Amino acid sequence: MRRILIVGATSAIAEQCARIWVKDSAVALTLVGRDREKIEALRVDLAVRSPHSVIHTETLDFLDPVAIAELAKRTSLDGPLDIVLIAHGNLPTQESSEQDLSIASSTLMLNGISPVLFAEAFAGLCAIADHGTLAIIGSVAGDRGRRANYVYGSAKALVAHYAAGLQHRFAETNVKVVLIKPGPTATPMTADLQQQGRRLARAEKVAAQIVKAIDTGKPVLYTPSIWQPIMFIIKHLPQRIFIKLKV
Amino acid sequence: MVRVSSWGRLNAEEHDARALTSTQDVARTLRESAPGIAYGLGRSYGDVCLNPGGTLWRTTGLDHFIAFDEITGVLVCEAGVVLRDIQRMTLPRGWSLPVTPGTQLVTVGGAIANDVHGKNHHKFGTFGDHVRSLKIVRTDGSELDCGPNLRPEYFAATVGGIGLTGFITQAEIQLRRVPGPWFETETVSFLNLDEFFALSIESDSGWEDSVSWIDCVGGGNGRGLFMRGNPVTVDAKPEPRRRSIAMPVVPPISMVNQMSLKAFNAAYFKINKHRSGKQLTHYEPFLYPLDNILDWNRMYGPHGFYQYQSVVPRENERDVTGAMLREIARSGQGSFLAVLKTFGERSPIGMLSFPRPGVTLALDFPNRGEETLKLLDRLDAIVREAGGRIYLAKDARMSIDMFESGYPRFPELQQYRDPGMSSAMSRRLLGN
Ligand SMILES: Cc1cc2nc3c(=O)[nH]c(=O)nc-3n(C[C@H](O)[C@H](O)[C@H](O)COP(=O)(O)OP(=O)(O)OC[C@H]3O[C@@H](n4cnc5c(N)ncnc54)[C@H](O)[C@@H]3O)c2cc1C
Ligand SMILES: NC(=O)c1ccc[n+]([C@@H]2O[C@H](COP(=O)([O-])OP(=O)(O)OC[C@H]3O[C@@H](n4cnc5c(N)ncnc54)[C@H](OP(=O)(O)O)[C@@H]3O)[C@@H](O)[C@H]2O)c1
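For the protein sequence lines, the chains are S and Z, in the order given. Per my numbering, the very first residue in the first sequence carries number 6; after that it's consecutive. Per my numbering, the very first residue in the second sequence carries number 385; after that it's consecutive.
Bound-form chain Z, shown alone (with noise of 0.2 Å):
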């Protein structure tokens, strides 16, 4: 037994960890090992891919490319291969992935797993919308093939069906031409939220990549700084080198308090207000600024953090996430990490997909037991009247009711469901 955590660190439970490493035998293993659940690296906050006392089904060893065509851009791979390692093996022949998270260390199964979304959402939807067929490994070792229009309703389930529906062994996805690694950016301070949604929508039809930091605590109205960008064609520009720094230990307290974030958040707006026009930026910075810090996650101190990531429709999005905001002043908890981004008009394919139109509000809080608790579920009322929902692959608390109303299309899993998957999310909000 090992001792394993996802990225938000709120607990490190014994696991029975097996280190998946040829596809040949993961028919073997699941039948050996089941019930259990995939776990890939691990980049999720809260319990969707943790099953204390029970069964983990490591997929980084399953990291081959089996397949990759330069003229379509068609690309199969293994489902433990990390986005990183497709970026750097597809970017200098002109391909990219179409949609990255914030991070690039996660696997292409926790990708389709959370169905997740990148600063271009309202360009090119969710990770699922561009995967062709995945294979599947059912716990009772039998295989089958699905996608958009092969079993497309296993295929719903599966993409965003937070690994309930079997194994991804392997996925095959469509990449976009890029003209290389380079983006021209830009970053534009806002004093409001007013101010925010105007340049969300000057900036939907201009600019492919968009994402906005926000002060949780100083400006009360919500003043941040709006970034945007879109990739560019440089002609024979060095790639700058890569550095990276760690956070070593885990501090005995949290580094994120009252005091510090006041006085950070305040700095960083106004060093970053006067940085007005246009800047040619490397991708990996600008799509994955945190990757340089390796363990960042240790800053909140022993008892971890909770992220907490909602969207509520375009309806009232305006007052909503005012109100959010105005909650999270007021309770002086909040962190400096917090972002704030409106999706595109598409629904999402995955039952549980997370985005939908409207606006996302994401942030981290350092783990203070019940107080934290305690806000996290008056923001979760907010965003229940509003007709929203939270993101399952940042969530570790939420309320069975809370998620029900959320995700109306829960039912409907169920069928799909492979009755040897099972993971401390799923038996919190399914009961199995």
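So that you can see chain S by itself, here it is in the shape it has in the complex (with noise of 0.2 Å):
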């Protein structure tokens, strides 16, 4: 059985891809969230999809390094993972983060700042066992600060700076570390999108095109894949142009 973990597993893309991979085959599951009722339900949901699945769940602070070592700690004993997916993140309104520093700091920490530490927890488990995917939800907000989400963004940004750092640091090795990077999609965190009519990628096309480039350890995957090229277009731009965009 493959031994998958889910940070962030309440996630609506996360919970997707858990989906696809309890469908494909029974796996030795691990759901990580905050919130003991709402993970609850995301694990009866999965075992009722498949019954030949272990599910276990696992609820911490995601802002405390020592309870994410330790988590790190108690999975390791039952083996090596083969994939670990780190899906959590918030996005407050760029205003609030202008408006209350204290937003602004749990943006940031929760973006940038908790899923690196997830992340290098268990990328110390992978480089002992020498195997192992790891897979970090970025954004295209990450690869250009722009005015709309520029907080949120470089939480983003500093992800992205990690997961290349990790891609070289395992570059020799069997452990892969992908690096995601969603368009807009439809999820709780785009309500307010969605409420104003925005058309959004569904979070099942973004899933499934997530679980395939963690098949064949692709190393940034944009999903949709138009968001490749047109944030090609939009890193490439020169500023005098860009800062006159209304994106």
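Worth flagging that the hints you see were computed from the coordinates, not collected in a lab. These numbers come from a predicted model, not from an experiment. For glycine and all other residues, C-beta sits at the position ideal for the given N, C-alpha and C. Please note that the accuracy of each hint is not assured.
[Claimed, not checked] Which bits of chain Z does chain S cover? Going by a derived footprint, with three or more residues having C-beta under 8 Å, they are:
no., segment
1, 385–392
2, 508–518
3, 798–810
[What the hints assert, rightly or not] Pairwise CB distance ranges (calculated):
no., chain 1, residue 1, chain 2, residue 2, range
4, Z, Gly590, S, Met6, 32 to 38 Å
5, S, Leu205, Z, Asp524, 28 to 34 Å
6, S, Thr98, Z, Val616, 55 to 61 Å
7, Z, Asp703, S, Gln201, 37 to 43 Å
8, S, Ile231, Z, Asn576, 51 to 57 Å
9, S, Gln104, Z, Lys758, 56 to 62 Å
10, Z, Val386, S, Gly150, 42 to 48 Å
11, Z, Glu729, S, Thr98, 56 to 62 Å
12, Z, Arg387, S, Gly150, 30 to 36 Å
Make one complex out of these two single chains by using the hints.
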């Protein structure tokens, strides 16, 4: 049985990944979240879908380095992991971060520091086993700072920078690191955009591409794939043109 | 605000649409944003799931399974679970939903609120007949459970209650044992309504599923194709690959018109007339023939379409159906998608459930404004005279009189209503 651990498992995108994994075959799955009730509902759903899978749950404070290190240690007792997906994040409005530094701070912590701490903890385990794929969800928002979401975006840029370093570290090993950059996707995080009638990608579709990229060990995934050329252009636009854009 | 339509695409008004994704949040969201109405997959054709200018609670994020007992076949799930996902999960384990409508792309909540029926009504009744219990959250934040043996009146108000008694968060459903995903099917042609009714009686005992396509323009007397099926055991036959095509755009005018229709119907009848004999068919194409054509409702063009579904009592079903078909043929409206089926003898459990003993006719009419509405009023008159009624899941235009004569139990519903639940239909037919 493949061993898979998902951090931020209740995220809509991660949940769809989990559904694909349990559908393909029975797996040993650890679901990590912050809310006992929500993570339990997720466990029960996946257990109904896949009665032969072995599913555990863990809850902890996502900003507590000691708790994160202990989680990694606990999971290492059952042997090496095949896949670790780090998916959590939150997206308060940019204005709220500008007006309230505590929101700016928690946005940076949850989207930047926290995923790096989890990745670092599990990278240690993968290194010892010389095995496993570490997938981290960043964002297209991390590719270039823009006024609409630069606090969140800079935390995602930190994750991208970190993932690049990790890829360098593991270049000569059997450990793979996958950085995932979704475009706007219909999940609870984008409820406001959906209420404004914006057309967003479906989480099922994004998840299917993530699962595939993890299987092949693709270093960077833009999903849906149209975001690769779009972000290429946005990244390369000269500053004097970029600052005039209403993006 | 976002523009939302139902399946008939008659309009696309602005709604404050809120996606529910966790049952924990339902009570809070309802309290904050009532009045409103639940919206599943919007597979109803009319205004039963719409609330222009107001709140819609989207349920498809509430799509978790809660329990499934492979020994007893009892399934518990959240109300936004799609019937297709239940079928695909349970069929390989030998269990199936006993009742599903002609599309499996509907939610559990929608199937209950319209108390939907399928091709096997004469054997299995309606969806509500297989619901063992429901959890409901009201817009004041209170919660209650109901079922056939627990608050049975509240249950009868909720099954077929078009979403007006509160928000269903979860349902417990009794599935049935089936041998697998295959059906033995047979198509028999009939040349007139007498032959249809004879086939119907003959098939009631030996066939679980039956439905007929009827030519509403060509043959005059109601020629058509009678399709029937039974689940069967088949050893190790691989499931067919799932393929779908899509209607990519809305054509500027309806693709369904007199000329296209006559030619199409004649050809369809001819081709299938000679396809006699029994066949093995996978359950998906047999039970849900249109599900592979994504967005087929776009073919009626920018003005959308009405679906009209009536049921009339046994007594003079033959004459009444004939009169309706003549009226439709004379009008030169109507469409390829015309369906005829007899319902079984059960009386439904819901106060506003649609099925009743008799024959049901369902067909699409491209929206041509006044002309179409007048035709539907003439059909109403025939149905009403016969003591029949119109299906609320399909309706966007019937009069209060027509509603009250067809659904005499409507006053009973009022005492179970949640005052924070209101839809375009409830305001149109119930006054609030
Ligand atoms: C191709 C096609 C074939 C069809 N064939 C059949 C058929 O054979 N037999 C049949 O009976 N019907 C048939 N229908 C109609 C369809 O089954 C019903 O309209 C069904 O109710 C649609 O479900 P939905 O999830 O899309 O709900 P919606 O259309 O979104 O909503 C329907 C009603 O359910 C209520 N509702 C939804 N979720 C909840 C909830 N959680 N709590 C409370 N209320 C809720 C809504 O408020 C609304 O009143 C067909 C439709 C199509 C498009
Ligand atoms: N949706 C998009 O458009 C989009 C675009 C680009 C990148 N992304 C990224 O994709 C990933 C998945 O997001 P999603 O879209 O699936 O959103 P989502 O469904 O809203 O999920 C957010 C997840 O983060 C968790 N979370 C939020 N705050 C937390 C906290 N303080 N402590 C611990 N966990 C917390 C949530 O837990 P609870 O369930 O307990 O609340 C949930 O699991 C995120 O990294 C996001 O940044 C999303």
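Starting from the hint list further up, note which numbers the structure goes against and sort them upward. Failing hints, ascending: 2, 3, 4, 7, 10.
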